[in-house]
Amino acid sequence: MQVKTNILNLPTQEFVHPGTRACTGCGLSIAYRVGLKALGKDTILVVPPSCLTVLQGLFPVASTKLPCLNVTFASTAAAATGILATLKTQGKEHITVAAWAGDGGTSDIGLQALSGAAERGDNFIYFCYDNEGYMNTGVQRSGTTPIGAITANTPFKGKLQQKKDVPAIMAAHHLSYVAACSAAYPLDLYDKIKSCMNLPGTKYFHIHIPCPPGWGYDPRYGIKIGRLAVETGYYDLYEIVHGKFRLTAASEKLMEKRKLVPVRDYFRAQSRFRMLTDQKIEEIQRQIDAKWAGYYKKDE
Amino acid sequence: MHIIEDGNTTAALGVKLCRANVIAAYPITPQTPLTERLSEYVESGKMKAEYIPVESEHSALAVCIAASSAGARVFTATSANGLLYMHEQVQWASGARLPIVMCVVNRAVGAPWNVWNDQQDSISQRDTGWMQIYCADHQQIIDTVIKAYWLAEKASIPIMVCYDGYILSHTTMPFDLPDQEKVDEFLPPFQPDYALNPDEPANLNTVTLPDVRIDTKGQLAHGYMEIRCLLQEELRTTLQLASEAEKRFAGIFGRGGNPYLEPYRCDDADYVAVGLGSITYQLRVCVDALRKEGIKVGVMGVRYYRPFPDAVIADALKGKKGIIVFEKALSYGYEGALTSDLKSALYEHLAGTGALPSVQNFIVGIGGREIHTRDLTENFRAATQGRVSREPSWIGLKL
Ligand SMILES: Cc1ncc(C[n+]2csc(CCOP(=O)(O)OP(=O)(O)O)c2C)c(N)n1
Ligand code: SF4
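Top to bottom, those sequences are chains A and B.
At position 2 of the first sequence (counting the first as 1) the number is 4 in this note's numbering, and the numbers step up by one without a gap.
At position 258 of the second sequence (counting the first as 1) the number is 1238 in this note's numbering, and the numbers step up by one without a gap.
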C-alpha cells in the first residue's frame, strides 16, 4: 500500500498560478491544483473547451505552468494519442501526457475518442472532472447529470434519466487503472495519481466536482457538499487496479462504520434538486442501500 | 528509378520518402490502399514512424494536430464523408498553423451514398485556410507530396494534396520514383518554431479575445482578428513560396516548371478549357480533336487552387475569347466554385482592358458519372460557338 500523503508532506511546488478565472469556491480549482502537483513538471496537458479552458486564462496570459494543448471538444483523447506518438519518436517517453476534460467533454461528445484511445491502450492519464453538467455553456444537462437535477435545459422537472456510469464504461476497456475521486478529498486524488503513473496503457480518473453556480449552494459549502456525496454513499471513492475493485479513503472508512448519512441531506443542501420529491429521495436511498449491501457482502 | 504503381501507392511512397514521423488514418474508399501501404511500411520496419489506426477521421486529424504541435512531421489521408467529418479539425489545423499534409482522394459526398469520383469533398473545404493542390497524374502526386511538406513547413500552413479517386488512385502509371538522398536534400527535417515541451511551457490555442491584449511582460499580443489576418496574408505569400519550391525541386530533380497552372496548347488558343485534376488530361484529347477541325482551343489545368493564383491565371487567360470551366463540384445554389473564383480573378485584373474573356461553366462527372470524351468535345465545341447556357450546364445529364 502506498504511503498516504497528508497536508504536511504534500509538495509545495505549484503548477497553477493563484487567482485563476474559475468561480469562487470552484471544486475544479482544488482538484486541478492538487492533480498537477501529483503529475509534476514533466507533463504535457490536453484540454478541450470547458470551464478548465477559462480557468487556464485568456491569451496571452496562462494560469498554468505546464505546457498545454487546447483542442476541439470531441478530440481530447485522440490529441493525447498524437502527443504520445510524437514523444515516442523523440525518445521522450518519460513525459506524462494528461488530458483533463469536463463530464460533457467525456461522457458525451468525447466518449468515442476516449474509447478509441483506451482500446488502443495509449499510455496517458485521462481526467474527467465531473461537475455534472455543461457548466461552461450555462449549466445544461450532460450524460452524467444525476436524476432529478434542474439544469438550464431540464428547467422544471429536473433530469429524468440516470447518470451515465463512465468509470464502469472505462473499466470495461480492461484498463490498468480506473479511479473515482472527489475534489472534496484531494489527497486521495493525489495518492491515486502517484500510484498509477507507471501502470501501462490508459488510466482513467473520474473526479466529482462541486460547482456553486451549477449546483446551487453558497460557495463556502463546496467541500462539505462534496463530502456529503461520499458520506451518504451516493458517490463512492474507489480504484480498480488491473480489474480489482477497492473502495478508498472516506468510502473505505464507511465500510468499517457501516453507517451512511441519509442521502436527503445531500440533496437538500443544493437548489438544483429542489424538484426532487421525498418519495423519489426514498427510492434513491433504497438504491444506495442496496449498492452498499452489495459492498458489505463482498467484504464478508 | 522508373516504376509502375497505382496512385495511392504512389502517394504512400511519397510520404515514406518524406520520412513522416506520425501517421493517423481511418479507412474510407478510395483512400484505403494509401493508408494500408503506409501501415505495411511501418509494421515491416521499412518506415520509421508511428502509425495510429484511429477510430474516426475527426480523431485522425486530432492525432495529427497534436503530434504536429509536439514537433512531429505528420500525415493523414481521407475522402468524401471522412473529410466532411473532419471539418472542425480542418479549420483547427490551419488556425493553429500546423504544417500537416493530407491527401484527399476525391470522391462524391452523401447523401445519397455514392463511392465514385467527383471533387465535392475537397472543394467544400476551400475556405478553411489550407493550401490545396490538384494532381493530374502519378508523377504529380509523388512530386506534390514532397513539395507539400516543404511548403507547409516553410509557411506553417497545412496543405491538401488532392487527386481523383479511382481515375488516379486505382490506376497504375509509370513514374520516376525520386531518390531518397535527393528528397533528403530537398526536404530537411522538420524544425518547428515551438513544440510542446515541459521545459518551455506554453498554452496553445487558448481563448483569444476580440481585441489585442498585453501579456505579463507588458508586450502587446495579437487578438483573434490579427491571428486570422496573418493566416490569410501568409497563406497568400505561399504563392511566392510555391515558385521557390518549384525552382528548388527542379534544381534537384530536373523536372517541374509552372507550379500554378498546366497549360496545353493555350498560346494561340481563342478558347481555353479550365479544370482541376485528371479531367484536364482528358480535355487534351478534346483539344487535339477540335484543333483538327480548325478551332483554336487549349486547356489549362489549375494545380494551385488555394491560395488562388488569380494574377497568374488572369495573365494566362487575358485576351482569350472564352473560358470554359469543366468542374466536378459546385457551390450549390450558384455555380462551380472554380468558375466563380476565375470570374473574380478575370474581373479584378482585366476589367476595362478589353481583354476580358467570357466564362462558361460545365458540371461533369458528378458521383462518378462517366465522362465520355465525345460528350466533352461536343460541349466544348458548342461553347466556342456561343453561350450554351447561363446556368452551369450539366454534361451527360439524363433528366
Ligand atoms: C463541437 C462543439 N460543440 C459545442 C461546443 C460548446 N461548448 C463549449 S464548452 C461546452 C460545455 C462543456 O461542458 P463540460 O465538458 O461538462 O465541461 P464544463 O464546462 O462543465 O467544465 C460546450 C457545450 C463546442 N465548443 N464545440
Ligand atoms: S461553473 Fe462550476 S466548474 Fe465551472 S468554474 Fe464555476 S464553479 Fe468551477
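For the record, the hints were derived by calculation from the structure and aren't laboratory data.
Remember, it's a predicted structure, so these values are computed and weren't measured experimentally.
Glycine included, C-beta positions come from ideal geometry on N, C-alpha and C.
Treat the hints with care, as some may be off.
[Stated by the list, open to error] Some chain B residues judged to face chain A by a derived CB distance under 8 Å, without partners named:
| # | residue |
| --- | --- |
| 1 | Arg999 |
| 2 | Val1002 |
| 3 | Gly1025 |
| 4 | Ile1032 |
| 5 | Ile1045 |
| 6 | Tyr1065 |
| 7 | Gln1069 |
| 8 | Pro1181 |
| 9 | Asn1183 |
| 10 | Asn1185 |
| 11 | Pro1190 |
[What the hints assert, rightly or not] Okay, derived cross-link-like pairs now, PhoX-like style, lysine-lysine, Cα gap no bigger than 25 Å in a straight line:
| # | chain 1 | residue 1 | chain 2 | residue 2 |
| --- | --- | --- | --- | --- |
| 12 | A | Lys6 | A | Lys43 |
| 13 | A | Lys67 | A | Lys94 |
| 14 | A | Lys43 | B | Lys1197 |
| 15 | B | Lys1134 | B | Lys1197 |
| 16 | B | Lys1026 | A | Lys90 |
| 17 | A | Lys6 | A | Lys166 |
| 18 | A | Lys94 | B | Lys1227 |
| 19 | A | Lys67 | A | Lys196 |
| 20 | A | Lys94 | A | Lys196 |
| 21 | A | Lys255 | A | Lys6 |
| 22 | A | Lys196 | A | Lys159 |
| 23 | A | Lys226 | A | Lys261 |
| 24 | B | Lys1197 | A | Lys67 |
| 25 | A | Lys166 | A | Lys259 |
| 26 | A | Lys300 | A | Lys226 |
| 27 | A | Lys259 | A | Lys299 |
| 28 | A | Lys94 | B | Lys1026 |
| 29 | B | Lys1227 | A | Lys90 |
Okay, the hints, checked on the actual structure:
The restraint placing Arg999/B at the interface with chain A is violated, with a minimum CB-CB distance near 10 Å, outside the 8 Å limit. Interface hint at Val1002/B: satisfied, since its Cβ lies 5 Å from the closest Cβ of chain A, which is below the 8 Å cut-off. Checking Gly1025/B against chain A: minimum C-beta separation of about 14 Å lies over 8 Å; hint violated. Satisfaction of the interface hint for Ile1032/B is found here, the shortest Cβ-Cβ separation to chain A being roughly 6 Å, below the 8 Å cut-off.
Interface restraint check: Ile1045/B against chain A, minimum CB-CB distance 7 Å, threshold 8 Å, status holds. At its closest, the beta carbon of Tyr1065/B sits 10 Å from a beta carbon of chain A; the interface hint therefore is violated under the 8 Å criterion. Checking Gln1069/B against chain A by beta carbon gives a least distance of about 6 Å; that is within 8 Å, so the hint holds. Evaluation of the Pro1181/B hint against chain A yields a held restraint, the C-beta minimum of about 4 Å falling below 8 Å.
Hint on Asn1183/B holds. Least Cβ distance to chain A is approximately 4 Å, under the 8 Å limit. Nearest Cβ of chain A to the Cβ of Asn1185/B: about 4 Å, under the 8 Å cut. The hint holds. Interface restraint check for Pro1190/B: the shortest CB-CB distance to chain A comes to about 11 Å, outside 8 Å, so the restraint is violated. Of the pairs offered as hints, the one joining Lys6/A and Lys43/A holds, with about 21 Å between alpha carbons and a cut-off of 25 Å not exceeded.
In summary, the hint linking Lys67/A to Lys94/A is supported, as the alpha carbons are separated by about 19 Å, within the 25 Å threshold. At roughly 23 Å between alpha-carbon atoms, Lys43/A and Lys1197/B fall within 25 Å of each other, so this suggested pair holds. For a cut-off of 25 Å, the pair hint linking Lys1134/B to Lys1197/B is broken: about 29 Å separates their Cα positions. At most 25 Å may separate the alpha-carbon atoms for a hinted pair to count; Lys1026/B and Lys90/A meet this at roughly 18 Å.
A hinted pair counts as satisfied when its Cα atoms are at most 25 Å apart, and Lys6/A with Lys166/A does not qualify at roughly 30 Å. Straight-line distance between C-alpha atoms of Lys94/A and Lys1227/B comes to about 37 Å, which puts the hinted pair past the 25 Å bound. Between Lys67/A and Lys196/A, the direct Cα distance comes to roughly 19 Å. Compliance with the 25 Å bound is thereby established for this hinted pair. Only pairs whose Cα atoms come within 25 Å are accepted, and Lys94/A paired with Lys196/A is accepted, the gap being roughly 20 Å.
Taken as a hint, the Lys255/A and Lys6/A pair is honoured in the structure, with Cα atoms around 14 Å apart against an allowance of 25 Å. Restraint check: the Cα-Cα separation between Lys196/A and Lys159/A comes to about 42 Å, which exceeds 25 Å; the hinted pair is violated. At roughly 18 Å between alpha-carbon atoms, Lys226/A and Lys261/A fall within 25 Å of each other, so this suggested pair holds. A threshold of 25 Å between alpha carbons decides the hint, and for Lys1197/B with Lys67/A the separation of about 16 Å falls inside it, so the pair holds.
The suggested pairing of Lys166/A with Lys259/A is violated, with an alpha-carbon distance near 28 Å, which exceeds 25 Å. Distance hint between Lys300/A and Lys226/A is unfulfilled; the C-alpha atoms sit about 29 Å from each other, more than 25 Å. As the CA atoms of Lys259/A and Lys299/A are separated by approximately 14 Å, the hinted pair is consistent with the 25 Å bound. Restraint check for Lys94/A and Lys1026/B: satisfied, since their Cα atoms lie roughly 22 Å apart, inside the 25 Å limit.
Only pairs whose Cα atoms come within 25 Å are accepted, and Lys1227/B paired with Lys90/A is rejected, the gap being roughly 35 Å.
The structure fails to meet hints 1, 3, 6, 11, 15, 17, 18, 22, 25, 26 and 29 from the earlier list, while all remaining hints are met.
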